[in-house]
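Use these hints to put chain B onto chain L, whose structure you have.
Protein chains in written order, with full-length UniProt numbering: chain L, 1 to 787; chain B, 1 to 166.
Treat the hints as calculated values from the structure; they're not laboratory data. Heads up, a few of these hints could be off.
As the list claims (entries may be wrong) - Derived coverage of chain L by chain B (criterion: at least 3 residues anywhere in the stretch with Cβ under 8 Å from a Cβ of chain B; other residues may be distant):
#1 206 to 215
#2 487 to 496
#3 684 to 698
#4 709 to 721
Here a beta-carbon is modelled for each residue, glycine too, at the ideal position from N, C-alpha and C.
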Amino acid sequence: MSTRLFGEPVRRREDRRLLTGQGRYVDDLGPDALAAAFVRSPHAHARIRDIDVSAALDVEGLVAVYTWEDLPDRVGRPLPLLIPHPALTHGRTAYPLARDVVRHVGEPVVMVVAADRYLAEDACALIHVDYEPLKPVVGLEEAAHGARLVHDDVPGNVGARLLQEVPGHDGRSARKAIEEAPHTLAFRLDIERSASMPLEGRGVHARWDGTDLRVHSSTQTSTSVRMAVAAALGLPLPHVEVIAPDVGGGFGVKIVHPWPEEILVPWAAMTLGREVKWTEDRREHFISSAHERAQVQYVRVGFDDDGRVLGLDVTILHDHGAYTPYGIIVPIITSTQLLGPYKIGAYRVEFSSIYTNTVQVTPYRGAGRPQGVFCMERTMDKIARHLGKDRTEVRRANFIEPDEFPYDQGMIFQDGRPLIYDSGDYPRMLAMLKELIGWDAFERRPGRGIGVGCYVEGTGVGPYEGGHVQVTSDGRVHVSTGLTSQGQGHETAFAQIAATELGVPIERISVVTGDTRRFGYAVGTFASRAAVVSGNAIALACRKVRAKALRIAADALEADPADLEITDGTVHVVGTPSASIPLATVAVLANPLRYAFDEEAARATQFAGASSPDRPPVAEGDEPGLEGRDYYSPIRSTFAAGMHAAIVETDPLTAEVRVVRYAVIHDCGRLVNPMIVEGQIHGGVAQGVGGALYERMVYDGDGQLLNASFMDFLMPYATEIPRIETGHLETPSPLNPLGVKGAGEAGVIPVSAVIASAVEDAEGFPVDRMPISPSELFDLRRRHAGD
Amino acid sequence: MEHEITLVVNGTARRARVPGRRLLSDCLRHDLGLTGTHVGCEHGVCGCCTVLLDGEPVRSCLTLAVTVDGREITTVEGLAGPEGLSPVQRAFEECHALQCGFCTPGFLCTVTALLRDNPAPAEDEVLEGISGNLCRCTGYQNIVKAVHRAAELLAEERQPSTGEAP
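Okay, chain B solo, but in the shape it has when bound:
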């Protein structure tokens, strides 16, 4: 049996007809064509499929699409603003925090929520914050660096530079 659901994805209401067993990850990727969300294990360990559900990071591979009918979802496609890449995305680029890019969408969503809740995390808070996401390419060092850098960029955005030295 199929269900008619409406998801508010990246600010836009999207309708889909899905069977009850359709994973949110598959719904986003295959029903809505948002293939930026990746599937690395389908058992909730790697974190590649992380999206923001009403602002909170969730594993879309462990979530049935029908259970989030009417809720707000942010995927990697929705992180950049009209002015371009988000501070987290810019920091990842600047710090070479990605290689193959497959885990990257999950990290970006996780870090976006992390820095919203904790704008200036300490080193161990960063490690803890990203310890639910696997990366097989980078060895994490540049990802950790990027999280700190993103925190700086976000702080700069909140307090526009006066052009004077502090």
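Next comes chain L alone, as it looks inside the complex:
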């Protein structure tokens, strides 16, 4: 059978265990572990006067109760600020357990460890924390006003302010270009909070054997959790291992680390000398993990008679919640990816990243891009409306042309490197989309509209990932990479790459991700980077292994390595199939032995004549074993792109919005597995539809999250998601050996913009605030009834 599997819709190798209940998620481990539970703040902002744990001490099965004062120095320090930035002048992170002040509902205050979770929660309920409530800061504009402060030492609640300006080709500033433009528009846009909301929450299990610490965490970065845990607990790195087992979805929230629980649970395991486990429940996930999206944008744009943008000036208020562990990555991405597939004249973007007494904001699938795309696509629609032009015509007039790549947008991207697009064909993509949805033939009528949205997504950011490939003497291939998996099918996609590179049947290949015992150097899974960065690293490692295999086989077959190829796991001389040697045997010969453990191994022992007596068994510069390790470190991001269109119907009475058709054209470079890519797009679009029509975090003025359950936070079911029609365009990336870009986040990015565009088309008035609920649409209708 063929081993050329790159690009084939190979069925997933992880499915068998997941379909039979044999998956291993964190809470499935450690059946005898002690259980941790947390007392969390019921106040959005309060000073802790006193903590009285005495009533809890009588609970049967109680093992330990810890407040901040019980934590040793290193453990009790504020959590790290993961991504410092010069503009983040007032970065603040939480203590693992609150020290004096709590700054959002859900902040952990006390950790309880007991025989099981029921008993731990019993004890939590008996702990009395005496709070002095402080007036909270809720709502972006109120926070930006700065009358009350989230952190006493952060004036105006401003954590960061960053301005980037790109002059036009004629050297004019954006503001001047807008002033002098034939047409100008100014407007405000609002996007509300949502969240990643994986169906498995976070979870940590730790085991300490007196010397070594083993931590399982439901994380998107096991290598970095490992370094953070080792640092906080003062352990030498080689004595700490962190494993991300099966993870029930991440979507961004699990890239944050170390969570308080990722430090506290291992520390408790060491302190108590017992296995300890904490499994986040759904309410905890709502109030104690992270949210995203919330922004207010103030936009001014100047353009010519054809709709070409001459100047764009965007001011963004970004709500980052109570703490900034992930820095200002989200608003940086918004302000840079806002540009999409367009070359606009001059651009000025300034964001203020603002503290509020709410759950912290860190990347959720799309990571700031949905907001940026909402801004740019709303702008394009408003320009078209102003000029009376077709919305796709205005977009076409602003596109970067296919012969203009690499295209430098003149900004600094989230990886600290220039925002230079590698490749793409935007006009063709738009033409494909219009044909797929039937744009030109669409019959508009009241209550039925069509919308469009375009985006470019910087994917595959560095700094690097690695791959290790080992062929064992049974002919099996063991691939490992350090980044983690949360359902993306990496075990399959990476095995396809290895099968293709090595010429080995996929059945003989196994892949391990996110296990520091197997691969210690990695960054993590985020920014649609796994296929790009780990995929290429694994391909490069395979190429090393292949070259070594051919060299050893050439010796054994007395042939020239250039005349050899590997098919179906066997090295043979091209054109002479009989002159061949199985890869298993090559693996045996690659490791000169003194002791034979089986017949095959006997071929590598000292009297078997495996190597020439004139040179050392392991040649200088060589290593024993048929294995290879390599890394891929991209010079800068790749840039995937996509365009979506939707047809919606709005109910004349109930103002419900129904998505009738949804079409996607997507370009992520070369596809490793089209079935998996398609699945990623489906899932992304569904999250986008949720964000456009249903999902929001509703805080009241006291900073209470009113809808912290699945009863009230409305994630879409199958009945809410339209059938998604997809088409692919493949413009390979010139930046990496495989020509891949990345697909993980693509689906979600333009959906709010697309739905807003379609609802606006159906209703005839502007839609500038998302998500849009039936009652909001109903209110808009009333407000515009006299128009």
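Same frame as chain L, but now just chain B:
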């Protein structure tokens, strides 16, 4: 106070000593070690914890273990037969109807009961049938496809192919 209960899980009688407040989901996972049943919300909305109780889908996170003493329970671990994956499981694999796999056990149990009661559901019946289960990964399209495919596979099983074209 603890109670001695016997559950017939996947055809085997299993005894457990549980407090009255022990959820069936926790009993299955932690007392009986059947961790294939997952807990996504503990308030009966996500459907991850769905198991079959005397053949009917129930939320095991809303069921106290002591209330089902003596009853028959099928979990995801009991869906495959001696010949391998069940038609529903095979269809999910074939149609790429799962990604992270966390919601999957609940969907498999729900769909198994759905197709037993309605062997050839129409599109809207499929949507309705799985509208009590959340999935955050797949966007449902491939799950819907898998339900139709499972219906086909089940029909083939009921009427073994004669090897002739119909």
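Would you pick out the hints that fail for this structure and give their numbers low to high? 1
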